Structure formats: C-alpha cells, structure tokens
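Construct the complete structure from the given sequences, taking the supplied hints into account.
FYI, the working numbering numbers position 71 of the sequence shown as 71, with every residue one higher than the one before it.
Hints should not be assumed to be uniformly reliable.
Claimed, not checked - Think about it this way: if two alpha-carbon atoms lie no more than 20 Å apart in a straight line, the pair counts; the simulated SDA-like pairs of lysine to any residue are:
no., residue 1, residue 2
1, Lys18, Ile32
2, Lys6, Thr85
3, Lys18, Lys134
Stated by the list, open to error - Label-pair ranges, simulated between beta-carbon atoms:
no., residue 1, residue 2, range
4, Glu10, Gln135, 26 to 36 Å
5, Glu10, Thr57, 36 to 46 Å
6, Ser79, Ile55, 18 to 28 Å
7, Gln17, Ser117, 29 to 39 Å
8, Thr11, Lys83, 10 to 20 Å
9, Pro37, Gln139, 20 to 30 Å
10, Lys133, Ser91, 32 to 42 Å
Read the hints as simulated data drawn from the structure, not as lab findings.
All figures in this text were calculated on a predicted structure; none of them were measured in a lab.
We put the CB at the ideal spot given by N, CA and C, even for glycine.
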Amino acid sequence: MLVRSKPYCETLSQWGQKNIEQGAVIHRDYAIFDPLPDDTFGANVFLTLADSFTIDTQTLRCIAIPFYTHHEYSVEVASATEKFTIDLPLSAPLYSLYYEICESDEVFYKFTFVATSTPIVAHYMIDDEWGGKKQKIIQSGVL
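This is the structure we're talking about:
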C-alpha cells in the first residue's frame, strides 16, 4: 500500500532488509506499507480526514507517520495493481497519517489524515502479530 504526494519514484520504492522487518518504507511525502495478510487483493481501503485519530476496534496493525503534502501534486494511494487520487481536501502541508490493517468478515485498510503543525515520530500504535511493538520507532528511508 503506497501513499504519495509526488510522482512515482522507483528509488523511493525500494525495500531494504530493515524496511522488510519493520513493514514500511517511510519518506516525508512517500510511504509504502506492507499489506501483510495474504490474499488481500481487492480489499477495501477507507480514507478519512479527521481532527483527531481514534483507533478502530478491529485493527490488527496501526502505524503513525508524519506525512507532507505538496500543493502542486495530488495525493494518491496505490497498490500493486491500482492507484487512485485521494479525494479529500488535504490543504495543510503536514499531517499525522495513521495506517490501519483491520479485519472483520474480510481484511480492510484505513488511512486517516490529521492536520498538524508539528511532525510526529513514526511509530507503531499497538503491539501486533507481525512484530510491531507499541511506541517502537519506525525508521525513515530505504534501510
């Protein structure tokens, strides 16, 4: 799952060993998250602009990152097979972006954008079955 506020970039899309271990490649305006559960092609993705974040009760993994937008580019979400322009009024230059993997009858994904003036430190919001530990920092860059 890719969220970007700039054109696709092969260099920024590379996964190093540390990125694989932490399940994410984080850049200031370009982030890729491992979708983790198998067979999730065609899963629903929910996009929200909110004043604050409340974790979903069905969340299996939650990662929070700082995410910068650029007024000259649309913000897009993409998977291996599709891409869509995010149709939310993302006019602030900086957001706290929350990525959730959730499961009810099927796996679904959520991206929540919360405008902020101060960048948060990228981290896991909960302990999860893939090795994420609550409050553990996620490193930025291709690692």
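ask   = Which hint numbers does the structure go against, in order from smallest to largest?
value = Nothing - there is no hint that the structure violates, so all of them hold.
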